[in-house]
Structures are given as C-alpha cells and as structure tokens.
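Q: Next come the chains, spelled out residue by residue.
There are 2 protein chains.
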Amino acid sequence: MFTDSLLKQLHLIAGSRYVFTDEPTRMAYGHDETEDFSFPPTVVVKPGTADEVSQIMKLANEHVIPVVPIGARTGLSGGALSIHGGIGLSMERFTSLEIDEKNLQAITGPAVITQVLREAALEKGLFYPPDPSSQGSCSIGGNVAENSGGARAVKYGVTKDYILNLEVVLPSGEIIWTGANTLKNSTGYNLTQLMVGSEGTLGIITKIVVKLIPKPTHNVLMLIPFFKAAQACEAVAAIFRAGVVPSALEFMERDAIDWGLKYLDHVNLDIKPEVEAHLLVEVDGNYPDVLFSEAEKIMGVAEQFAIDEPLFADTEEQKNALWKLRRTVAEAVKSNSVYKEEDTVVPRYELPVLLKGIKQIGKKYGFHSVCYGHAGDGNLHVNIIKGDMTDENWKVEVPKGIREIFELTVSLKGTLSGEHGIGYVQKNYMDIAFSPVQLQLMKGIKQLFDPKNILNPGKILPDAIA
Amino acid sequence: MFTDSLLKQLHLIAGSRYVFTDEPTRMAYGHDETEDFSFPPTVVVKPGTADEVSQIMKLANEHVIPVVPIGARTGLSGGALSIHGGIGLSMERFTSLEIDEKNLQAITGPAVITQVLREAALEKGLFYPPDPSSQGSCSIGGNVAENSGGARAVKYGVTKDYILNLEVVLPSGEIIWTGANTLKNSTGYNLTQLMVGSEGTLGIITKIVVKLIPKPTHNVLMLIPFFKAAQACEAVAAIFRAGVVPSALEFMERDAIDWGLKYLDHVNLDIKPEVEAHLLVEVDGNYPDVLFSEAEKIMGVAEQFAIDEPLFADTEEQKNALWKLRRTVAEAVKSNSVYKEEDTVVPRYELPVLLKGIKQIGKKYGFHSVCYGHAGDGNLHVNIIKGDMTDENWKVEVPKGIREIFELTVSLKGTLSGEHGIGYVQKNYMDIAFSPVQLQLMKGIKQLFDPKNILNPGKILPDAIA
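Line by line, the protein sequences are chains A and B.
Residue numbers for the first sequence, in our numbering: 68 to 533.
Residue numbers for the second sequence, in our numbering: 68 to 533.
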C-alpha cells in the first residue's frame, strides 16, 4: 500500500523532519488511553499548516490510504487508533492560541492543551468552562472531536456549547470554515455541530473559534458522604429541584474514592466503613454570600438522606486535593486492574435505577464494577474490573453484560456515550441506540464527506453497516 | 399534479375534516410574517399523529409532491411558504405538552406556543429561556426549525441549546428519534443539531424533548438613553468585559423606539431629541442584592459614554411596558411602511462598525433603515424601509444594498442570519457566506435526507445550486 514514491511525497509536503516510519514513533502514536490497544500507523506525519494537511489529504484520497487524525492520545474510545494502518496525522504542531478579549473568544489550534486554554483565558479574566478530567494532558482538538464534557458541564455545558466555528480540511483536501464567529447562527445546516463529536471521521480540524465567558470569581466545594449509594444518586435530582444549579455535582462509589486515596498519598480522608458513596458538589459565582446560601440549600437537601458529616474545602489547597482525588480515579482504577470503561448517560432522575441495574448485571455476568462520574448530567462512568476473572469470561461474558447495561441505559431514554465518544470500542453497540434507518443516515453523512472512506475508517459505525 | 385519487388518499389518512382545498384556507396558510408574500399550498392537511404524517410523506414521496411543514406562520424568512404549491402540512394539532419535573425536561408537540411552554414550566418553578419577540404567537416547532433566539439568548442561549431530542418523520416516511433525552451525548453524528435550524427541509418534527432549568426569581430592568448610537453599540461589549452577563441586552435606534411608542398609546417616555439610541438591559438571578450590584456595574460602564438619565423599571407593570415596547418594534415598522428585514449577526465588538456601515450603504443606495436587536449577541435586525422609494429602486437598488450589507457582515466574521433563518428570502445571498464547497456539502445533506427534493423545496440553498 505504501510505496516509496508515496513516502517521498509526504516528505516533500511536510518536510523530512516531520515524517516518521521508525518503530518507536509508530508504536507511540498507535495507542491512546483506551484499554491496552495498540494499532500503530504505517507512517506518522506531523504537518504544520492547514495547507499541508490539505495536500496530504489529496494524496491519501488519490491513493486511497487511511488517515487517522491524532491529538493528545488521551481518548477513551479508541478514536485515535490507526486500526487499518495508513497515515497517523499527528496535529501536535497546531499550537497557536489567541485570546480575543474584545469579543470574548479564543482562536486556537487543535493541539492546545485544554488547561493551557483555560489558564490563558483566566489570565484575561475570562473562562473556558469544559474541563475533562484529563484537562492537563488532553487537547482542545480532541475535545471537539469527542464532544468532551467534564465536571463543570452540569452548569456550563459541554465542548459543543463553546464551539462557534471550525476550520476543517475535508477528506477531499478542500479547506472550509463550518460557520461564523458569532454567538447565534441560523444560516444553513449546522456544519459546525455536525463536525463536533464526529471523532475525526468527517474532516480534520485545523483551527477552532471558542466562546469564552466572564470568569466566576468564587466557589465553594463540599464532599458529602452517603451511607447508601442509591440515596446519593437520588439526592442529585433533588438538588436541582431545590432550584440550585451547582457548577459541579460528582458521584463516587466507595471503591472509586478508596482506590483514588491509595493512589494519592498526600490526601487523607477519614471515611466511616458504612459510607457507600460520596457526592462532590461545587457552586460558583461572584458573591460569596450567595454561594454560602446555595451551599446551605444543598446541605438541606442532602440531610434528607442518611449522610455523614460533610467536608467543606476551605482553602485552595484542600479544593485542589479533592479535585485531584476525583480526577485520579480513572488512573487509580487503571493501575489496579485491566478494565473496560463505559460512559453511560441517562436523564438525571434515572441515575439510581441505572446504578442498581449495573450492579445486578454485574452479578449475573460475574464482574465487579466501580462507578463514578458526572451525576449532575446523569453521566455515569462504569469501570468494569477484570480482577481475577478468566480471559475467557472477560472476552465472552463481559461484552454480553455491557450489551445489557446499554440496553438498560437506552430503555431509560439514555444513550451509550455522554462524553467519551463511540470510536472503536463501542461501535458494535450502536444498534442498541439507533435503528437501521438512523444508522444509514449516519453512514450517508460519512459517505457524503468521505466517499472513499479514508478518514479514520472503522470508527463510530458498526461493522455490520460500515 | 394533484389527482382526485391523491386527494382521496389524503382524506383517508388524515380524515376529511382535516383536509382543505377551499380558497380562504389555502390563502390563510399561504403566508407567514415575511414581507407580503403569498404562496398558497394546493391543499392544506392537518394531521394528528406522527403516523399520519408518515403516511402522507410516503404518498408525497411516491407521487413527488412538495410538502411544506407549516407552524404558527410567524416566520420572518418565508420558511413556511408553499412556493411550489403542493401539500401545506399544518402541524397545529400537535399540542401535547408534558413537564417532567423530575428530570427538568418538557416533552412537547411542535404546535405548542412558546409562551405556553414557558408558562407551563414557570408554574412548576422551571424555566424555558428562549423568548423570540413573537413568543405569544410562534410555536416551539417553528422555533426549532429556525433555531430562534430572542432577548434572553445573550445569557441563556438559543433554541438549539435547549433541544435534547426530536421525533422526526423523514421524507421517506420513516419515523426516527434523533438522539436521547440526555444532557450530554457523544453517540454518533449529531442528528439533533442537524435538524435544528434546518427549516423544515430535512424532516418533519413531531415531538420535541426540551431541557428546562431552575427559574431565576428576580430581575432588574433598565433603559439607558445614549446620545450617540455608535456609543450604545460600544457599551455592549464593554459591559461583558466588566464581568457582567446580562439576561438581556437590547439595542434600539431612535426611530425604532419612536415608532414603537406611536404604536402603543399607553406607554409614555420623555426622550430628549438628541438621544440617538437606547439600550434595554436586564439582569436576573435569585438574589436582589446581587442584581442591584450588577446593575450598578452596568451603569458604571454606561456612564463612560454620553448618556441621559436611565429609567429603572420598578414594578412588573413598568417592566412589561418596556418589554412590550421592545417587542412591538417589528409590528410598528410593518404598520409604518413596506419593509425588508435582515437579521445580521457579527462578533459583539464589531457592532458599531456594522451599524455605521449599514447607514453608509443605505445612503449609497437611497434607503432608510431602522435598526434594533439583540446587541448582546451581536445580532442586529436591519429594517429597510420602502417609504416613498420607487418600486423600481425597491426591486433593483435595495437588493444590491442588502448584498453589500451581508458582504460587510461576513467580512466582520459574521453571517447572514442570527435567528430568523434563510428560508426563501435570503437564499440567494448564501454565496456570500459560503463557498461552493460548503454549499455542495449542504446540498448533499439535503439529498441524503430528501433525494426527491419534496420537503420544503426551494428553501435555504441558492437557486444556482439547488
């Protein structure tokens, strides 16, 4: 597939120092944070401009070579895996970042690390709210590709809610902008939102115009221990019905917090053995009195359930420690065992039903799960732990259990993924959420943008229809 | 085109009392609020269920008959006009409405009047923010079709930001849901957002799942007179840069407010002759002290410009009068003269440049314009007044001027429509905002959903490529 002449052309387009065929580089760009998959590209190219990306796409289109856009490789659904080999297009050189204070916008390259964008905005008194747990290492381009969320989505929305306009290189090599740099837009079909969450299968994002908002100046953070996990879930919907919109409302099962604590030696929490779960709740705004009053309302709701003494984080240090604990859970689980992570999402009130169902399904198929996530959004991450399960059961029984979990999710009017995307690992569950009619529409969209199926092939759509 | 046998089948599907071919009904369903257009459908059908809509679409598809979904006929871009005759599909019987307090959602039929939805939510302590000026007469289905905005979009977002899931009948007659009833969703291509703002050209919306939020309990409203219109525009961006996000930030040129006042006899305002424009500014929330402090911050910004004494609306009655004044401007303009309304939108800070340019272009082509709109979003409604202009100039010169206005808008990184849609009247300006590549993508999407081009044909896409 890869002739020397092709490789030579890639050298000419991107410059030889940005084309790699050596084993270590190919291996490094052959994985993301999804399980332990390894799908190295045949060649890694690191273009520097949209024009270079365009030339590469034209070449790939002509020779029908797969191209996989690769970001910071922190994805959890295998979106950046080169499952058919081909060109691994690392976007890492697209690091331009400009904060437009006058319009409360940022214009950023896809390789800018989410936290770098956040901090650049904060320096100007502005706020970019989406904050995936991997914000210190994931890039904004990947966030757009997967429509990432994070803890603050419950108040501020997800990545899609902040994307105004995208510069995109289409599989044909054409370069377009998807919309305009405006807060409102009713001008033709919404190509911007079609691109957000399309997991690098419709086009390659080379520039991103992002909405910023004024920065909230204060916050209050509290950790509330619940003796019953189901009650922690019930409290979530009750907080909103009390008229409070927290800026974060996170759920952690006992295991999640215990494993997180083991992973971080400098955080100490004295948790009673009977505590089954915690809610980590934040409110933010500009007026401390208001925040204390909202925190009181939240505690008023929580006290209707069986809870232990809450912990109020008083200092920035305490707040950072609690957030670090929450954000470390995924890593802690990973370090503990082989696992599979599902990203279920349901209407908020259905969360207790979902949690209960997951545990029952786990019993039926013989797996233990550690659940945590963005409960305010109804978004529950289900970590299925391999532990001492046999390889046979892991391969045969667990997928059946996952299918049942998704069936339950969909029956509750939820869906497969809230913020991680479908990518490689969930695609063959898509039939649970969508009928053949819907899947054919999605396939039609893919074919419209990418008739030769060269851009990130084998993602999103189930094998049966792709 | 319309055989008796076809008509008989429509009678069988929808019931004879819901099929109309009489002249008065056809005329009544042949216009919306766009200029003085009249494009009556050949037959008006008022189906009662998604299944009936499906059967009608199958029939229309088989016989290649145009079908135009018709809502409350308040549109401003001609989206509901049956420009090729055919079946006018009035959705007025889809009035179901259920508020799901537990999940902070509403499940509504497309015919529910926006204000009815708002009030049903408010009764449960919940809030549906989008509030087009026509909220008392427009329907939520039309709002979804056009991605409507309104005054509160500046803080709360537009219709698209509240749509979680849609039941849609495709041109083939297939019935699908576009997504899930969840706050977050990274599961396949975003069919929901592709449908929002597609102006009834991709499918017929038969049910809508809407996100609600807790209701803010208080607000403060002020009307600030500016001696210079350009300075009123400048103040808009400055308010955000001061860290305040108002819940409404509306701009009205002097003419707009004068014409509105003439139209409403019960509202009295004593405006100095030198005042060129007003900003109507609202802040909302749950804590009156906070709102007063934010109002002070806003006045601190405004006082950096040449302003007259602001008016603070103290009572509900005063607030309603000011809002009524703002919402009446469109009707007042309409009653005053034949006019064309453009819905320009630019990044917020560019508003003064846009306003100045519009006036210059008006001078060049000999037309007067009355400008007002949602300045906080950079969304300026430009009402071009016919007045005593000759019919010849109205038909030949004005479109040239509109083209220049849109060219200016796009050069400022803005676009043609912020919230009214493209529909029939703006479609031949689409080449200003989009290249042939983008337009072909949009055409491809249309063909994918509607290969026979039967659903609301002749809208959005320019004649040159449609």
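Keep in mind that the hints were calculated from the coordinates and are not lab data.
Do not take every clue at face value.
For identical chains, the list gives no copy identity; a pair is met inside one copy or between any two copies.
[Said to hold, decoys possible] Once the Cα atoms are required to be at most 25 Å apart in a straight line, the calculated DSS-like pairs of lysine-lysine come out as: (1) K364 / K278; (2) K295 / K391; (3) K386 / K401; (4) K467 / K222; (5) K401 / K75; (6) K430 / K222; (7) K364 / K426; (8) K391 / K401; (9) K274 / K426; (10) K453 / K401; (11) K169 / K423; (12) K191 / K430; (13) K125 / K339; (14) K295 / K169; (15) K426 / K329; (16) K453 / K430; (17) K75 / K407.
Q: Does the structure break any of the earlier hints, and which numbers would those be?
A: Violated: hints 4, 5, 6, 7, 9, 12, 13 and 17.
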